[in-house]
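> Next come the chains, spelled out residue by residue.
There are 2 protein chains.
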Amino acid sequence: MFEKLKDLKVYEAGKPIELVVREFGIKPNEIIKLASNENPYGPSPKVIEAVKNIAHLMHRYPDDSFFELKEGLAKKFSLEDKNFIIGAGSDQVLEFAIHGVAPKKVLMAGITFAMYEIYSKQVGAEILKTPSSMHNLDEFLEIYKKEKPEIIFLCVPNNPLGECLDADEVYDFIEKIDNDTLVIVDGAYQEFAAYKDAKKALDVKRLISYPNVLYTGTFSKAYGLGGMRVGYGIANEEIIRNLHKLRPPFNITTLSLKAALEALKDEEWVRMGIENNFKEMQKYIDFAREKGFNYIDSFTNFIVLYIPQSTEIADKLLKRGIIVRNMASYGFDALRITIGKPEENDKVINTLREIS
Amino acid sequence: MFEKLKDLKVYEAGKPIELVVREFGIKPNEIIKLASNENPYGPSPKVIEAVKNIAHLMHRYPDDSFFELKEGLAKKFSLEDKNFIIGAGSDQVLEFAIHGVAPKKVLMAGITFAMYEIYSKQVGAEILKTPSSMHNLDEFLEIYKKEKPEIIFLCVPNNPLGECLDADEVYDFIEKIDNDTLVIVDGAYQEFAAYKDAKKALDVKRLISYPNVLYTGTFSKAYGLGGMRVGYGIANEEIIRNLHKLRPPFNITTLSLKAALEALKDEEWVRMGIENNFKEMQKYIDFAREKGFNYIDSFTNFIVLYIPQSTEIADKLLKRGIIVRNMASYGFDALRITIGKPEENDKVINTLREIS
Chain A
63 MFEKLKDLKV YEAGKPIELV VREFGIKPNE IIKLASNENP YGPSPKVIEA
113 VKNIAHLMHR YPDDSFFELK EGLAKKFSLE DKNFIIGAGS DQVLEFAIHG
163 VAPKKVLMAG ITFAMYEIYS KQVGAEILKT PSSMHNLDEF LEIYKKEKPE
213 IIFLCVPNNP LGECLDADEV YDFIEKIDND TLVIVDGAYQ EFAAYKDAKK
263 ALDVKRLISY PNVLYTGTFS KAYGLGGMRV GYGIANEEII RNLHKLRPPF
313 NITTLSLKAA LEALKDEEWV RMGIENNFKE MQKYIDFARE KGFNYIDSFT
363 NFIVLYIPQS TEIADKLLKR GIIVRNMASY GFDALRITIG KPEENDKVIN
413 TLREIS
Chain B
63 MFEKLKDLKV YEAGKPIELV VREFGIKPNE IIKLASNENP YGPSPKVIEA
113 VKNIAHLMHR YPDDSFFELK EGLAKKFSLE DKNFIIGAGS DQVLEFAIHG
163 VAPKKVLMAG ITFAMYEIYS KQVGAEILKT PSSMHNLDEF LEIYKKEKPE
213 IIFLCVPNNP LGECLDADEV YDFIEKIDND TLVIVDGAYQ EFAAYKDAKK
263 ALDVKRLISY PNVLYTGTFS KAYGLGGMRV GYGIANEEII RNLHKLRPPF
313 NITTLSLKAA LEALKDEEWV RMGIENNFKE MQKYIDFARE KGFNYIDSFT
363 NFIVLYIPQS TEIADKLLKR GIIVRNMASY GFDALRITIG KPEENDKVIN
413 TLREIS
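Chains A and B are the protein sequences, given in the same order.
Using the working numbering, you'd call the opening residue of the first sequence number 63 and step up by one each time.
Using the working numbering, you'd call the opening residue of the second sequence number 63 and step up by one each time.
Treat each hint with caution, since some may be false.
Since the list can't tell identical chains apart, any single copy or any two copies may satisfy a pair.
[Claimed, not checked] Pairs of lysine-lysine, DSS-like flavour, derived with a Cα cap of 30 Å:
1. Lys-144 / Lys-208
2. Lys-144 / Lys-71
3. Lys-267 / Lys-68
4. Lys-307 / Lys-68
5. Lys-307 / Lys-210
6. Lys-341 / Lys-89
7. Lys-68 / Lys-132
8. Lys-191 / Lys-138
9. Lys-238 / Lys-167
10. Lys-167 / Lys-66
11. Lys-167 / Lys-210
12. Lys-327 / Lys-261
13. Lys-167 / Lys-403
14. Lys-68 / Lys-144
15. Lys-409 / Lys-353
Don't read these hints as lab results, they were simulated from the structure.
Isolated chain A, as found in the complex:
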């Protein structure tokens, strides 16, 4: 009955706090979870207040046109409503695009966001990856010319590694791609990159002036709403109209819609979180230098540290209630650590100093 699915595997998410509580008996409030790139400061207090105020309306479906949210986003990006589609996380917009194009071949960096591959395999696509783990556009171009994939994914900056292409490199690359190949530019962490280095800041209006570009963004990271599942796609009207054909009605919750709307109104809170992120990231860089560990220069809210015997170290951290992402499954002897609050980072670094 499900022959089509026989080569697919079930996705395994990072260990949730609940599991560590169950396995090691550590109290929930003593656990430090820095494994899923959640924003440690959470959403703006104004967002929390607004959501509480409409919690009694959970029986009401949201306005399925998402009119107000699209208006808010249109203002943020100096575009029009018709350039937007709302998804349950930007993941879902990726799903619409991949299922809609149903590509035979897709191209992506050697190590990049896992969902590109998962959704592409669902439609039976062949997965092409560059030899380099990080984005190397010469390699992208070479494979593109030879294989003509129908979708190319650029993760700018890249999760789970943290490196980031310059905006000009992205535009130049797109110029070289034919219009019948969709280039998806995933900007889930763009707010962080744009803050750290103006050269990384993508001009989305310029990006979507190309007929074959889809940009995706999210409220999960800089806006602190990972658990609410709200993302968006931005493209020209024709691409957006096609993606809407695959969007199920009411694909974000009533409370998620309110949260996203309010989050857009408090850019001050977002800026505070990003500033603190890079201030705190410096602690990990200083620690790595002190120990002689390599690390990847990061334009996101996480950092990859090459710590020898990472699997053993990740296990030791877990038993002490600290959850990080071990990169061994990618063939890297390294840990990916989400930048937490000051006290969390201090504890993680002190623990690492003891055990590594």
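Based on these hints, arrange chain B on the given structure of chain A.
Just chain B now, with coordinates in the frame of chain A:
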């Protein structure tokens, strides 16, 4: 680029309150929305409280195993966790099943839940419908034998008409279907039907003892959580394992998970809503009899009244701030009205008395 989608249309949801506010300038709190089968009593106060208490955790992804929720559902249905998959509404479970099977042909009642057809068209399936609008299992069987569809949908009770097959009719029908055809039994409104008439109550444990049956249920209706998008699929372990291959991670929100968990604990509230539903439905039946209008005997939280010139009547209601579903698009001169709170139903009936 999107050739595959060229025959698909964009889904149009019912008019949201926001639109009526914009179009007719009626104040939001004066609008009566009885168009989307939302539970007028909303969720249990305990659910609202629990959600407010964790509103500051919106940055945290939910436990993606949905361990606790599956445990709660397993208890409710006397089954095991491995028999469950959680969806963003039961719609999403339908999507997993349809995309996973990728059927060439699907079979459904003449008029039934719109998403069966929408998801099936996304995978290019031919849509077969019985000549009868309501579920007629003789017709189902005849078409099944001739066409051998890979999926059959039974909506028990049926949305948007309200009629309901007996449980024994469902079991007898399934016995006659080969194991390589998936029978999806959609129980979105089962709690209402089971309350009204014990003969309609499906034994889910028995249903899923068949190797080819998927049952779907939801928190959107009886549990009053339509806006939170939580549903579930129940089947044998093998079907569930396959459906999980198509489930994206974190497919319900952190607040939705909490709401569903708490809702399961307050069955008293659910029962109150269902009792009131049928008490209030009687008012519409009395009105129909008084006016000599036909209606469909309903096992749900809505009722279809055959009111002449339904399009004109629906428009008149809308201008008075009352939103119902006009059935003209189904070729019926009728309105589908969600059963509201007592004061809402009284106002609707009084208005209908004036204008019809």
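> Each of the hints needs a verdict: does it hold here or not?
Evaluation of the provided hints:
For a Cα distance limit of 30 Å, the shortest separation of Lys-144 from Lys-208 qualifies neither inside one copy, at 35 Å, nor across copies, at 45 Å. Taking CA atoms no more than 30 Å apart as the test, Lys-144 paired with Lys-71 passes between copies only; the shortest distance there is 16 Å, against 36 Å inside one copy. Taking the shortest Cα distances, Lys-267 and Lys-68 sit within 30 Å of each other only across copies (26 Å), while inside one copy they are farther apart (41 Å). When the C-alpha separation of Lys-307 and Lys-68 is checked against a cutoff of 30 Å, the pair qualifies both within a copy, at 27 Å, and between copies, at 9 Å.
Taking identical chains as interchangeable, the C-alpha atoms of Lys-307 and Lys-210 lie at most 30 Å apart whether they share a chain (26 Å) or sit on different chains (28 Å). Taking the shortest Cα distances, Lys-341 and Lys-89 sit within 30 Å of each other inside one copy (29 Å), while across copies they are farther apart (48 Å). In the homo-oligomer, the alpha carbons of Lys-68 and Lys-132 lie at most 30 Å apart only across protomers (25 Å), although the nearest pairing inside one protomer, at 39 Å, exceeds that limit. For the identical chains of this complex, Lys-191 and Lys-138 are neighbours neither inside a copy (33 Å) nor across copies (46 Å), given an alpha-carbon limit of 30 Å.
In this assembly of identical chains, the alpha carbons of Lys-238 and Lys-167 lie at most 30 Å apart only when taken from the same copy (18 Å versus 42 Å across copies). Proximity of Lys-167 and Lys-66 under a CA criterion of 30 Å is satisfied in both settings, with 17 Å inside one chain copy and 16 Å between copies. When the C-alpha separation of Lys-167 and Lys-210 is checked against a cutoff of 30 Å, the pair qualifies only within one copy, where the shortest distance is 8 Å, while the shortest distance between copies is 33 Å. For the identical chains of this complex, Lys-327 and Lys-261 are intra-copy neighbours only, at 26 Å inside a copy versus 53 Å across copies, given an alpha-carbon limit of 30 Å.
Taking the shortest Cα distances, Lys-167 and Lys-403 never come within 30 Å of each other, neither inside one copy (41 Å) nor across copies (54 Å). Taking the closest pair of Cα atoms, Lys-68 and Lys-144 come within 30 Å of each other only across two copies (19 Å); inside a single copy the shortest separation is 38 Å, beyond that limit. When the C-alpha separation of Lys-409 and Lys-353 is checked against a cutoff of 30 Å, the pair qualifies only within one copy, where the shortest distance is 16 Å, while the shortest distance between copies is 74 Å.
Figure legend: structure checked against the earlier numbered hints; hints not met, in rising order: 1, 8, 13.
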